[in-house]
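Visitor: Assemble the whole structure, with the sequences as input and the hints as a guide.
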Amino acid sequence: MRAFLKNTFLFLIILLVVNFALFLLIRGFYIKDYEEVDLDFDEFILADSHGTPLGDFAEEFEVHNFSAQSDSYLDMGRKLRYLLRKGKIERIYISVDDHTLSPTRENQNNLDRSAYYTERDDFDSWFEFVNEKYLKYYLVFLNDRYSLVIKNFITEELFDYRRWGGSKGRIAWENLTEEERRRQAQDRFENYFEQDGASEKMRDALMNIISLSREHNVELIGVRFPLSRSYYGILGEESYHADSIFMKESLRILDFDNVFLDRDSLFRDMDHLDREGGEIFVDILLDSLESFIEYK
Amino acid sequence: MLFNSLDFAIFLPIVFICYWFLFNRNLKAQNLLILVASYVFYGWWDWRFLSLIAFSTLIDYLVGIGLGKEENAKRRMLLLTISICANLGFLGFFKYYNFFLDNFINGFQMLGVPFKASSLKIILPVGISFYTFQTMSYTIDVYRKKLIPTHDWIAFGAYVSFFPQLVAGPIERATNLLPQFSEKRVFDQNKAVDGLRQILWGLFKKMVIADNCAEYVNIIFNQSESLSGSILALGAVLFAFQIYGDFSGYSDIAIGTSRLFGFQLMQNFAFPYFSRDVAEFWRRWHISLSTWFRDYLYIPLGGSRGGLALSIRNTFIIFLVSGFWHGANWTFIIWGALNAVYFLPSLLLGKNRNNLDVVAQESRWPNLRELISMLFTFGLTSFAWIFFRAESMSHAWGYVQNMMQPSLFSIPDFHILEGVLSLMVLIVIFILIEWNGRRRQYAIMDLAASRSRVFRWGMYLLIILAIDIFGNTSEEIEFIYFQF
Numbered sequence: 389m390r391a392f393l394k395n396t397f398l399f400l401i402i403l404l405v406v407n408f409a410l411f412l413l414i415r416g417f418y419i420k421d422y423e424e425v426d427l428d429f430d431e432f433i434l435a436d437s438h439g440t441p442l443g444d445f446a447e448e449f450e451v452h453n454f455s456a457q458s459d460s461y462l463d464m465g466r467k468l469r470y471l472l473r474k475g476k477i478e479r480i481y482i483s484v485d486d487h488t489l490s491p492t493r494e495n496q497n498n499l500d501r502s503a504y505y506t507e508r509d510d511f512d513s514w515f516e517f518v519n520e521k522y523l524k525y526y527l528v529f530l531n532d533r534y535s536l537v538i539k540n541f542i543t544e545e546l547f548d549y550r551r552w553g554g555s556k557g558r559i560a561w562e563n564l565t566e567e568e569r570r571r572q573a574q575d576r577f578e579n580y581f582e583q584d585g586a587s588e589k590m591r592d593a594l595m596n597i598i599s600l601s602r603e604h605n606v607e608l609i610g611v612r613f614p615l616s617r618s619y620y621g622i623l624g625e626e627s628y629h630a631d632s633i634f635m636k637e638s639l640r641i642l643d644f645d646n647v648f649l650d651r652d653s654l655f656r657d658m659d660h661l662d663r664e665g666g667e668i669f670v671d672i673l674l675d676s677l678e679s680f681i682e683y684k
Numbered sequence: 030m031l032f033n034s035l036d037f038a039i040f041l042p043i044v045f046i047c048y049w050f051l052f053n054r055n056l057k058a059q060n061l062l063i064l065v066a067s068y069v070f071y072g073w074w075d076w077r078f079l080s081l082i083a084f085s086t087l088i089d090y091l092v093g094i095g096l097g098k099e100e101n102a103k104r105r106m107l108l109l110t111i112s113i114c115a116n117l118g119f120l121g122f123f124k125y126y127n128f129f130l131d132n133f134i135n136g137f138q139m140l141g142v143p144f145k146a147s148s149l150k151i152i153l154p155v156g157i158s159f160y161t162f163q164t165m166s167y168t169i170d171v172y173r174k175k176l177i178p179t180h181d182w183i184a185f186g187a188y189v190s191f192f193p194q195l196v197a198g199p200i201e202r203a204t205n206l207l208p209q210f211s212e213k214r215v216f217d218q219n220k221a222v223d224g225l226r227q228i229l230w231g232l233f234k235k236m237v238i239a240d241n242c243a244e245y246v247n248i249i250f251n252q253s254e255s256l257s258g259s260i261l262a263l264g265a266v267l268f269a270f271q272i273y274g275d276f277s278g279y280s281d282i283a284i285g286t287s288r289l290f291g292f293q294l295m296q297n298f299a300f301p302y303f304s305r306d307v308a309e310f311w312r313r314w315h316i317s318l319s320t321w322f323r324d325y326l327y328i329p330l331g332g333s334r335g336g337l338a339l340s341i342r343n344t345f346i347i348f349l350v351s352g353f354w355h356g357a358n359w360t361f362i363i364w365g366a367l368n369a370v371y372f373l374p375s376l377l378l379g380k381n382r383n384n385l386d387v388v389a390q391e392s393r394w395p396n397l398r399e400l401i402s403m404l405f406t407f408g409l410t411s412f413a414w415i416f417f418r419a420e421s422m423s424h425a426w427g428y429v430q431n432m433m434q435p436s437l438f439s440i441p442d443f444h445i446l447e448g449v450l451s452l453m454v455l456i457v458i459f460i461l462i463e464w465n466g467r468r469r470q471y472a473i474m475d476l477a478a479s480r481s482r483v484f485r486w487g488m489y490l491l492i493i494l495a496i497d498i499f500g501n502t503s504e505e506i507e508f509i510y511f512q513f
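Chains as they are written, first to last, in this note's numbering: chain A, 389 to 684; chain D, 30 to 513.
Check each hint, because a few of them may be wrong.
[Said to hold, decoys possible] Here are the simulated DSS-like cross-link-like pairs (lysine-lysine), alpha carbons at most 30 Å apart as the crow flies:
no., chain 1, residue 1, chain 2, residue 2
1, D, Lys-175, D, Lys-213
2, A, Lys-589, A, Lys-474
3, A, Lys-394, D, Lys-57
4, D, Lys-213, A, Lys-394
5, D, Lys-174, D, Lys-98
6, D, Lys-57, D, Lys-150
7, A, Lys-420, A, Lys-521
8, A, Lys-474, A, Lys-521
9, D, Lys-174, A, Lys-394
[Unchecked claim] Computed footprint of chain A on chain D; a stretch qualifies when at least three of its residues, placed anywhere within it, have a C-beta under 8 Å from a C-beta of chain A:
no., segment
10, 209-221
11, 478-490
I should point out that these hints are in silico values taken from the structure, not numbers from a laboratory.
Everything numeric in this text was worked out from a predicted model, so none of it was measured.
Glycine included, every Cβ here is placed at the ideal spot set by N, Cα and C.
Guide: As structure tokens, then:
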């Protein structure tokens, strides 16, 4: 029995070492960028993948882009609390697209990574705090998202059959056939709009962001990001109405969802701008805000 | 409680430590711990159904004692009938009541006789088919005087509810498992390590192979009317791997867990997809159920002793009952009938006991003839699995019709099955590992023979990593056989 326990213990230690080796690997290509934020700014963009093409172009306008792919309102709430703790904020531009209250966001989010921005006060209990901030963060074997990241890397990079035919990369959105664009847009639509009602969790998280902003005199401005014509057509009137909450709360919304309907060359896919699109959009977004403020 | 859950990962070490450290000097206390742990394990799912197990245990315990005392043949038969009626009564009510009612209603309506009755909302208790068969084997063996009835109610209770194999087998015979509860168990490191190894392999089969196959199988079976023949054929093949990974994975975890506590359960799967004919397949698939039906139904019916006609009749009865055991649906009965039809040629030609050894026993790889016969047998069983997986007969029939189109020979459109190619690579690796270990009780058993600890532990780490990365860990997916 002694030998059995000794070997089991030794094996667990080795497992822990492997775990940390994997953590360092994952930290390098998955976590590190997420934890980068410039606290010298007092205006921030909080959005999901729609905000990421804007890169650092907004810094010309003294705005820091704090967006990350798959960020949910829960993640944005954590970031907002972090900013309130660490710096001085005056204005937040936040995504209020049709899909942001989707129940899909309950599973597709960054809660594993945004735990970095949390403190004990952000959780109801010590257990939740330790579990989210330390156990799931450092123990690769307990974090499903880390596994998924590695799995996706292997399946999409190593076993992507589309590359086997000699095609090295994705075909640009504007060069896809109309049928293919519609198919991809439909897939995207089904990912977010498969359920009827909005997510209560996301709605509550958005309401928390609104009340937190009010409490700290932070101006909150909703942004609806540009869509391609194919996706715009499929989306139609479908929405989980995050913008309605903003309107109800008398908050400003800058609606750009149809601004690039005839500019497919600015899109990476059906509803994400490419880098050039991001650069152009930043000018439109922040210029229009200035004129909006002047008009007001 | 599921084997692939965090609950079980906490539960098992606690029971293990209590078993070997607190109660290791007292056999009765160890058995009592197993009994309590087993009831907690089962009650985790739904505590209300514990009463069913307790009642079934009590009846068979008392019937066993009665049979031990009684010499009168008629009274002995009466006692056995009580036990069988009670056990099959539970099973019949919980599992088959609505099936028979619906079929009666449909039958009467077809005859033009109005017949009204409403079906009941019955929850099927997890594993009821397994533990009722296990406990029935006890009373039947005591009746046949193959086993001396036990007077130790704790040992008997622990035997009926033994948590590693309570909900999905292997269906242990009382003659094998019950005496183990009366013997002093001494901790054996080799057995414990072997148990952990088998648990690890079982988790790999379940979480990497079965759960990933399930994702695609669900898509394909749910959209079967709009997919090409080749995709539907792929769906049948993936389901073959899903059900094997799921069920044999459960058996591996059950056997491995038992070994941690010093128990030896029977082998339930012996690499069935490497079978060269259907008869061999059935000697290697769900062995505990096949041998149960052989010993308690086929042989009492006369087996193969009464001539060819009787032999055919008995074969059909066994396969039909086996199908019906799996579920109250015509799809399972047709699945059983199909397997009986597959079995028939070898029975008629007297070749049903041709392949008793392991394929390519003396060589590394199979020869062409073996390979073709294995592929042919796999094709037949995969086709039969369509009926097993389908929701209804019309679904199964539609699936088969859509599959048997010229598009069966087209290249599958993998667009709708993103990631399926990496799963196929995993399946190929899995097949190679299973092939390499086909002469053993489970595929990676040979690792024990490796002298290099670095190699052994490296392999374990690799399997753990594969489970972590490729396993479906985001949700705990139930084992398919829980529903039976």
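Visitor: Which numbered hints turn out to be false for this structure?
Guide: Going through the list in order, the structure violates hints 6, 9 and respects the others.
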